[in-house]
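**Q** Use these hints to put chain B onto chain A, whose structure you have.
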Amino acid sequence: MDISYAVSTFARTVAKVAYTYTKNVPDAEDIAQEVFIALMNSGKTFESDEHLKAWLIRVTVNKCKNHLKSSWISRRSEMPDFVASQPVSDDKELLFALLSLDEKYRVPLHLYYYEGYSIKEIAEILGKKPATVGSQLDRGRNLLKSMLGGDTLE
Amino acid sequence: MNKNDYIAQVDSIEFSPDLEQKLIDGVALAKPSKKHVFYPLSAVAACILLVVIIAVPFAKNGAKTADNSVVETQDFKEKTTTYSSKFENYLADSSLSYVEDGMAAGGTLEEESNDVARLLHCLKLTHKNGENLTKAEYEAECKRLCSLGYDAHVYENDGDIKTDSEICILLGLLSDEEFSDTEYNFELTLVTE
Chain A
3 MDISYAVSTF ARTVAKVAYT YTKNVPDAED IAQEVFIALM NSGKTFESDE
53 HLKAWLIRVT VNKCKNHLKS SWISRRSEMP DFVASQPVSD DKELLFALLS
103 LDEKYRVPLH LYYYEGYSIK EIAEILGKKP ATVGSQLDRG RNLLKSMLGG
153 DTLE
Chain B
27 MNKNDYIAQV DSIEFSPDLE QKLIDGVALA KPSKKHVFYP LSAVAACILL
77 VVIIAVPFAK NGAKTADNSV VETQDFKEKT TTYSSKFENY LADSSLSYVE
127 DGMAAGGTLE EESNDVARLL HCLKLTHKNG ENLTKAEYEA ECKRLCSLGY
177 DAHVYENDGD IKTDSEICIL LGLLSDEEFS DTEYNFELTL VTE
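Order-wise, the sequence lines are chains A and B. Position one of the first sequence corresponds to residue 3 (the numbering used here), numbered consecutively onward. Position one of the second sequence corresponds to residue 27 (the numbering used here), numbered consecutively onward.
Chain A extracted, bound-state conformation (with noise of 0.2 Å):
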């Protein structure tokens, strides 16, 4: 696996889906160099690019997951919101409004409408129903409907 190729290619894919889970831009670049240093360890082939990307997506929502369980993780959760990000601007409304909900909600937001990812290719990377996925969008697209007074993602 050519790593240069895979890093220049997908770090800033893996980089964003980090950041919808850890809200901050450092922990978002710490989990992409541990999903890249994974894809070293693994060895493992890939069809195509998107099986690829498909992949390091997935590494990556493991890592989250295993980032934000960390105890100290926890124990820092305990501050505000984005206070190692950026700060809240108007311009940057709907990502935060986003960033804000709860992450089984803004992590399928954010594959289908920034990555462009069918429901079915979703359940696949996040290894759940496409039900499931269908209804946590349709229910994060409400909840933001909600937040931003009628405005959503359409």
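The set of hints was computed from the structure by calculation and includes no laboratory data. Be a bit skeptical, because a hint or two may be false.
Here are the computed lysine-lysine pairs in the PhoX-like style, where the Cα-Cα straight-line distance is at most 25 Å [to be verified]:
1) A:Lys46 x A:Lys106
2) A:Lys147 x B:Lys29
3) B:Lys29 x A:Lys25
4) A:Lys122 x A:Lys67
5) B:Lys57 x A:Lys46
6) B:Lys48 x A:Lys55
7) A:Lys46 x A:Lys25
8) A:Lys46 x A:Lys147
9) A:Lys122 x B:Lys48
10) B:Lys48 x A:Lys67
11) A:Lys55 x A:Lys147
12) A:Lys131 x A:Lys106
13) A:Lys18 x B:Lys29
14) A:Lys106 x B:Lys29
15) B:Lys29 x A:Lys131
16) B:Lys161 x A:Lys18
17) B:Lys29 x A:Lys55
18) A:Lys18 x A:Lys131
19) B:Lys161 x A:Lys55
**A** Same frame as chain A, now just chain B:
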């Protein structure tokens, strides 16, 4: 607001401008050196021994993530065992036998009313003489379990559940509140099974 707004806002997240190079450098640092083979080999052997010592207690209760790191599922198993024992004790006085159990998750029995990925206990039952139950008998048993307060549903397995039962009873294992701290581990288990 629309999809394009969201994409633009995500693209405006200020990651390090040299992120790719940093990652490549980090991966290079993480690569094991090929220059000193013998000393690292002994270190690797020690690490393997250490991992075995640490991993054995988790072997029965651990779940592997997509990148093969072990995730602790001790709490999950303890709760499962408690529930299973309770149920087996109940079955001891029944005319049926409890043959096997499995775990199932993903969505919910009532998808539209609750999207918490609940943990379910899969029960395969037989008569005491080993004969399988018919669907009608499963339904009757299920009804009885419900009357006893269990969250039970007959389920015709379409391959979602890791058991060879074509039909079984799914029992809601834990309430959503109790389940919240175990949901995470179980999702990971599903990813790699």
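**Q** Run every hint past the structure and note whether it holds.
**A** Results for each hint:
1. About 28 Å separates the Cα atoms of Lys46 of chain A and Lys106 of chain A, which puts this hinted pair outside 25 Å; it is violated.
2. As the CA atoms of Lys147 of chain A and Lys29 of chain B are separated by approximately 13 Å, the hinted pair is consistent with the 25 Å bound.
3. Straight-line distance between C-alpha atoms of Lys29 of chain B and Lys25 of chain A comes to about 19 Å, which keeps the hinted pair within the 25 Å bound.
4. Of the pairs offered as hints, the one joining Lys122 of chain A and Lys67 of chain A holds, with about 21 Å between alpha carbons and a cut-off of 25 Å not exceeded.
5. For the hint pairing Lys57 of chain B with Lys46 of chain A, the CA-to-CA distance comes to about 16 Å; that is within 25 Å, so the pair holds.
6. The straight-line distance between the Cα atoms of Lys48 of chain B and Lys55 of chain A is roughly 19 Å, inside the 25 Å bound, and the hint therefore holds.
7. The straight-line distance between the Cα atoms of Lys46 of chain A and Lys25 of chain A is roughly 29 Å, outside the 25 Å bound, and the hint therefore fails.
8. A threshold of 25 Å between alpha carbons decides the hint, and for Lys46 of chain A with Lys147 of chain A the separation of about 41 Å lies outside it, so the pair is violated.
9. For the given pair, Lys122 of chain A sits about 33 Å from Lys48 of chain B by alpha-carbon distance, which is inconsistent with the 25 Å threshold.
10. A hinted pair counts as satisfied when its Cα atoms are at most 25 Å apart, and Lys48 of chain B with Lys67 of chain A qualifies at roughly 23 Å.
11. Restraint check: the Cα-Cα separation between Lys55 of chain A and Lys147 of chain A comes to about 30 Å, which exceeds 25 Å; the hinted pair is violated.
12. Between the alpha carbons of Lys131 of chain A and Lys106 of chain A the distance comes to roughly 13 Å, so the proposed pair stays at or under 25 Å and holds.
13. Between the alpha carbons of Lys18 of chain A and Lys29 of chain B the distance comes to roughly 16 Å, so the proposed pair stays at or under 25 Å and holds.
14. Of the pairs offered as hints, the one joining Lys106 of chain A and Lys29 of chain B holds, with about 19 Å between alpha carbons and a cut-off of 25 Å not exceeded.
15. Restraint check: the Cα-Cα separation between Lys29 of chain B and Lys131 of chain A comes to about 24 Å, which is no more than 25 Å; the hinted pair holds.
16. Proposed proximity of Lys161 of chain B and Lys18 of chain A is contradicted: the alpha carbons are some 48 Å apart, above 25 Å.
17. This hinted pair checks out: Lys29 of chain B and Lys55 of chain A have alpha carbons roughly 21 Å apart, not beyond 25 Å.
18. Proposed proximity of Lys18 of chain A and Lys131 of chain A is supported: the alpha carbons are some 23 Å apart, at most 25 Å.
19. Note on Lys161 of chain B and Lys55 of chain A: the hinted pairing is violated, with a Cα-Cα distance of about 43 Å set against a maximum of 25 Å.
Of the hints listed earlier, those the structure fails to meet are numbers 1, 7, 8, 9, 11, 16 and 19, in rising order.
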